[in-house]
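**Q** Here is what each chain is made of, one letter per residue.
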Amino acid sequence: GDSVTQMEGPVTLSEEAFLTINCTYTATGYPSLFWYVQYPGEGLQLLLKATKADDKGSNKGFEATYRKETTSFHLEKGSVQVSDSAVYFCALSSGTGNQFYFGTGTSLTVIP
Amino acid sequence: ETGVTQSPTHLIKTRGQQVTLRCSSQSGHNTVSWYQQALGQGPQFIFQYYREEENGRGNFPPRFSGLQFPNYSSELNVNALELDDSALYLCASSLLAGGRFDTQYFGPGTRLTVL
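Protein chains in written order, with the numbering used here: chain A, -18 to 93; chain B, 64 to 178.
Be aware that one or more of the hints could be misleading.
Capping the alpha-carbon separation at 20 angstroms, the derived lysine to aspartate or glutamate pairs in EDC-like fashion look like this [what the hints assert, rightly or not]:
1) Lys37/A - Asp165/B
2) Lys49/A - Asp36/A
3) Lys33/A - Glu44/A
4) Lys33/A - Glu117/B
5) Lys37/A - Glu50/A
6) Lys58/A - Glu44/A
Now the in silico label distances, taken between C-beta atoms and shown as ranges [stated by the list, open to error]:
7) Ser(-5)/A - Arg126/B: 44 to 54 angstroms
8) Pro71/B - Gly59/A: 35 to 45 angstroms
9) Glu(-11)/A - Arg85/B: 31 to 41 angstroms
10) Ser88/A - Thr68/B: 24 to 34 angstroms
Covered by chain A, according to a simulated footprint, are these stretches of chain B (three or more residues, beta-carbon under 8 angstroms) [stated by the list, open to error]:
11) 73 to 85
12) 136 to 147
No lab work stands behind these hints, which were simulated from the structure alone. Just so we're clear, the structure is a prediction, and the values are computed from it rather than from any experiment. Cβ coordinates follow ideal geometry from the N, Cα and C atoms, glycine included.
Same shape as in the complex, but just chain A:
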């Protein structure tokens, strides 16, 4: 079945460091891919998405490119801030459109 495998955490970075959180997927058909973020004490929020191969999603300085050849959707940010400290979840919706899968989440802590 469809699934998402996400880089294990926790990840601790200094402010202004480069961030990569790896995400790979297994899916039949043509899934859509998402990154969600959960800030401390808050609910899940969509960070960015991509609905077809080679699409790049971007938001708040974060980017991820839908790579069908490597079945990946890695999250990147060039310079992290303390306010980026949160748990990040990679997710996909199935090609059939009625199933949704999350990764286990990666906790990011950014220190000043």
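Assemble the complex: chain A is given as a structure, and chain B must be docked to it using the hints.
**A** Same frame as chain A, now just chain B:
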């Protein structure tokens, strides 16, 4: 535009009991999905309702059931509660068009503890 709301915030039940959790979708959304999130884990998809019919289901037993009402509010019912059902239950609403999920908007969740 109102967001997704869930009630109650917290709930404590004992093993074998039944529980009903409620969700009010974001205005204009026709689809609601329910998720179970155990501590330290990602959300697990339970099922999705579209226009009051179950439209997709994850790997959860039949004792997990749901309803969606004409005003797009929704309920999650869990019968014969087990200790492992203790988790945060999330509701998410979206607009389903062309057979694909659009962006899901999540509620704050209901924390269920089964003793």
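**Q** Against this structure, judge whether each hint is valid.
**A** Now the hints, each set against the structure:
For the suggested pair Lys37/A and Asp165/B, the alpha carbons sit about 16 angstroms apart, so the restraint of at most 20 angstroms is met. Between Lys49/A and Asp36/A the CA atoms are separated by roughly 10 angstroms; this keeps the pair inside 20 angstroms, and the hint holds. Our distance criterion of 20 angstroms between C-alpha atoms is met by Lys33/A and Glu44/A, whose separation comes to about 15 angstroms. A C-alpha spacing of about 26 angstroms is found between Lys33/A and Glu117/B, which places the hinted pair above 20 angstroms, so the restraint is violated.
With a C-alpha separation of about 15 angstroms, the suggested pairing of Lys37/A with Glu50/A holds against the 20 angstroms cut-off. For the proposed pair Lys58/A and Glu44/A, the alpha carbon gap of about 6 angstroms is at most 20 angstroms, so the pair holds. Range check, Ser(-5)/A to Arg126/B: Cβ separation about 48 angstroms, and the 44 to 54 angstroms hint holds. Remark: the range hint 35 to 45 angstroms for Pro71/B to Gly59/A is upheld by a beta-carbon distance near 42 angstroms.
Taking 31 to 41 angstroms as the suggested C-beta distance range, the pair Glu(-11)/A and Arg85/B conforms, at roughly 35 angstroms. The beta-carbon spacing between Ser88/A and Thr68/B, approximately 27 angstroms, falls within the hinted interval of 24 to 34 angstroms. Check on the stretch 73 to 85 of chain B: 0 of its residues sit with their Cβ under 8 angstroms from a Cβ of chain A, so the three-residue criterion for coverage is violated. As drawn, the stretch 136 to 147 of chain B meets chain A at 0 residues by the rule of a beta-carbon pair under 8 angstroms; below three, the given contact is violated.
The structure shown violates the earlier hints numbered 4, 11, 12.
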